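Q: Let the sequences and hints guide you as you build the complete structure.
Residue 1523 in the working numbering sits at position 36 of the sequence shown, with consecutive numbering throughout.
It should be emphasised that the hints constitute simulated quantities derived from the structure, not laboratory data.
Incorrect hints may have been included.
Here are the simulated DSS-like pairs of lysine-lysine, each with C-alpha atoms no more than 30 angstroms apart in a straight line [said to hold, decoys possible]:
1. LYS1579 - LYS1595
2. LYS1551 - LYS1562
3. LYS1551 - LYS1595
4. LYS1597 - LYS1496
5. LYS1496 - LYS1579
6. LYS1582 - LYS1621
7. LYS1496 - LYS1595
8. LYS1597 - LYS1579
9. LYS1551 - LYS1592
10. LYS1621 - LYS1595
11. LYS1597 - LYS1582
12. LYS1562 - LYS1582
13. LYS1504 - LYS1562
14. LYS1579 - LYS1504
Here are the in silico distance ranges between beta carbons for each label pair [unchecked claim]:
15. VAL1552 - THR1516: 22 to 28 angstroms
16. VAL1623 - THR1549: 37 to 43 angstroms
17. VAL1610 - SER1547: 24 to 30 angstroms
As the structure is a prediction and not an experimental result, all values here were calculated from the model.
Beta carbons are placed, not taken as given, at the ideal position from N, Cα and C, and that holds for glycine.
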Amino acid sequence: MTTARSNFKHSLYNARKNTQRVYQSLDPTLWMERAPTWMRRDYREGLCNIWAAERWQETSTTMKVNRATNQDANKHTSGFISFATHQSRLEKELKRPPTFEVFDKTHKRKGTDQYISDRAREVAESYSQQMIEKYVGEEEQP
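A: Given below as structure tokens:
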């Protein structure tokens, strides 16, 4: 994800959260009255309609539950930098497409070889074992 795209996404998120707070309501249909000064009214109304849609509400609820259920599964060290950006940067740095390095880059503490959670370490160990089994006897592994 590009920086502009990421910033725009976060701007929309912040606009939605601020409006929830101002109106003290979770109902997006009530938010159409007042748009942020930087947003066109017709865009705001369109977004409110999307946020009010049952499908969006269900997806949002599902994602909240998933994040809360297994917090170790959602830990990473990439912050606001997308995995695609990390992958692109690693590809330039390594001068080849990265493989598991993207996972390591986003799940290890900076400057150490330590994973941020037991779950991340288990995933890395499992991947490593699968690659050893898959490429047994070969010189190179991805």
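Q: Compare the structure with the hints numbered earlier in the document and write down the numbers of the violated ones, lowest to highest.
A: 14
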